[in-house]
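Trainee: Given only the sequences and the hints, what does the whole structure look like? Please build it.
Residue 535 in my numbering sits at position 533 of the sequence shown, with consecutive numbering throughout.
Hints in this document: simulated from the structure, not taken from any laboratory. You can trust all of the hints, since none of them are fake.
Here are the computed distance ranges between Cβ atoms for each label pair: (1) D389 - N608: 47 to 53 Å; (2) K640 - L663: 43 to 49 Å; (3) S409 - R122: 27 to 33 Å; (4) Q245 - G428: 45 to 51 Å; (5) G384 - N199: 48 to 54 Å.
We put the CB at the ideal spot given by N, CA and C, even for glycine.
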Amino acid sequence: MCLAVGAGYAALLYSKRAPWSKAVNYGLAFLRFTLVSLLCWLLLGPIIRRNSTTEEAPTVVFAVDDSRSVPLYTADTTSLRRTLTGLDAMAARLRDAGYEVQLRTLDTASPAQAAQLRFRQSATNLDQLLTGLQEGYQGRNLAAVVLASDGLANQGRPPVYADFTYPIYPLALGDTVPRRDLRVTDLRYNRVAFSGNRFPIEAEIGYDGFSSGSANVLIRENGRVLARQTVQLNPNRRLQRTQFLLTAAAPGKHRYEVLVEQQPGEFTLLNNARNAYVEVVKGRLRVLLAGAVPHPDLKALRAALIQNDNFDVTLVLPGISPLRANQDYDVAVLHQLPSRTAEGRDIVQYVRTRRLPAFYILGAQSDLGAYNNLGTGVRVNGGTGPDASPVLNPNFTRFALDAGVASRLTDYPQVPVVGTPQLGGGAEVILRQQVNGTRTTRPLLVVAGQAGQRQATLLTDGSWQWRLEEAATHDDKPSAYDGLMTRLLQLLTQDSRRKRLDVYPTQDAFNTTDEVTLGVETYNAVFERVYGQRITLTLTDEQNRPRTFNFTNRENGGPLNLGTLPGGLYRYTARATVAGQAQEDRGELLVQEQQLEAAASRADHNMLYQLAQRSGGRLYYPAQLQQLEQQLIQAKFKPVLYTQEELKDIIDEKWLFFLLLALATAEWAIRRYSGSI
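Mentor: What follows is the structure, given as structure tokens:
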């Protein structure tokens with residue numbers, strides 16, 4: 003049809019007599035025929051199918067364990083550097099053979115060459131390294147992984163228990179012959195002690211290369227020796243235990259160093275000491291746990307609180323275990339109190355008379371009218387909302403949960419929510435509601451009020467299901483639920499001094515690998531939160547070396563990040579001028595130092611052998627680099643071809659526009675040249 007339209011158009015236009023020759027007339031007719039036929043054809047919307055093929059070369063990843071233990075357990079560091087240089091040379095030859103070679107380390111920022119590695123990582127997580135490769139190269143042509151390591155993994159799960167989709171060729175570094183070494187392998191102690199009480203610290207001493215003799219173990223604080231013990235080095239054993247019994251000193255955070263004295267011939271002193279971090283408190287926090295009726299929530303809360311030695315919990319139930327006269331408490335947890343019945347009115351009156359910080363848990367038996375008259379900073383209207391699960395409010399910084407623990411909150415089951423809350427001034431949301439996986443801004447757990455008189459409200463009586471679910475799905479105790487409840491009560495009972503500058507650590511203790519963060523709050527004369535205040539913070543370590551930080555607190559700006567710090571006890575002093583008045587706050591924080599890389603006395607090549615067997619690879623040693631290279635080349639890993647089919651409208655082709663323009667221009671130019679348009 004298109005050809006017929008083009009032929010008819012050309013015949014109609016060039017069939018009459020013309021001032022040019024027949025040859026020119028036929029040529030013009032052909033041009034018009036081609037142009038019109040193409041235009042008609044394009045009106046039909048033709049498409050073209052285009053197949054493109056790309057080739058991806060097989061990738062070999064050199065995964066190098068750049069932790070501190072590798073040079074520590076290598077007898078000759080020169081041979082280690084020679085091995086790294088050999089890996090770079092092998093990588094160049096593999097690229098010449100058509101392979102793509104990548105270098106990966108424990109650190110996220112890997113150097114271009116293995117010879118540039120500095121082995122500074124303070125912990126080894128081989129499972130994270132290998133699993134990250136599997137996820138990062140999913141769907142790609144990952145042929146093999148060469149894992150250069152000493153086999154010592156001290157974080158994450160053991161990699162031999164994981165299934166990898168690629169063969170692993172371990173390159174065994176380090177020495178498996180035990181060195182002459184003494185080390186403190188573990189410390190057992192309670193993290194909270196009460197002032198004036200005696201508390202134990204049990205030390206586990208490991209040793210290799212000693213056939214007899216004894217070792218001196220001492221414990222000290224700030225360089226002062228508190229006690230000394232002697233352990234016998236039995237050649238038939240590799241571990242000995244000893245115990246120190248100390249008296250808790252003044253309240254505050256204390257660092258106790260357990261040290262095994264050096265013996266002649268020890269290959270390293272990095273593992274001869276370990277620190278115990280103990281917080282000494284004046285006394286236990288007395289908690290009144292009261293409910294309108296027996297309820298699973300009460301059992302869950304009591305189980306969570308008694309895990310912490312800092313709490314002394316008294317359970318009160320009207321008609322079963324009544325409130326005792328002349329009993330003093332520091333904080334109250336009121337479950338469905340005030341209630342719709344007369345039960346528990348004396349408990350509510352006691353809490354209000356003593357002006358105790360209180361944690362209200364609302365449920366089906368709660369009297370919302372009476373609750374709204376308590377002035378908790380939250381007003382709850384009647385009715386019920388949709389069932390919801392908790393999600394942590396990222397803008398809440400008064401306390402923090404560990405990242406791995408906090409993530410468990412989102413897996414909690416949905417529970418019934420009481421009423422519709424309206425927040426008053428100064429109320430802060432700790433937990434928000436998540437409905438069917440969708441995060442909302444509706445509050446679930448709220449805290450309000452000033453220090454010493456804070457009130458918290460939980461809008462559900464189904465939180466017992468959260469603790470039960472966490473205990474069923476995790477091997478360890480329900481640490482997310484327990485940590486949330488204990489930290490909430492600690493927040494409610496914070497010092498009642500009305501500070502206008504409040505600086506506090508966001509965690510009880512930090513590790514040397516953590517980012518140390520401090521929460522910062524400033525208040526005006528009526529104790530409303532204000533921002534934009536210039537604050538100077540001086541941080542002093544145990545050697546009285548100061549470091550100064552200057553910053554301005556911003557709304558929703560997050561806590562102050564001090565970066566990573568060496569292990570030890572730090573004291574800080576913060577100063578600011580708020581509304582023309584000088585303000586100051588002091589505190590202390592703990593950074594725990596863990597010598598994970600020096601916990602053993604030899605490399606673990608057996609783990610590397612098992613990893614090779616499970617993944618279909620083979621174990622090699624630095625002297626066998628040439629055999630490893632031949633193995634990889636002889637494997638003849640094939641490239642992967644990817645074919646992609648693409649359908650495209652032909653009218654989108656640019657060359658077609660220029661073809662049509664050329665046909666029209668040629669016809670016009672010939673007619674013009676021949677004497678007619």
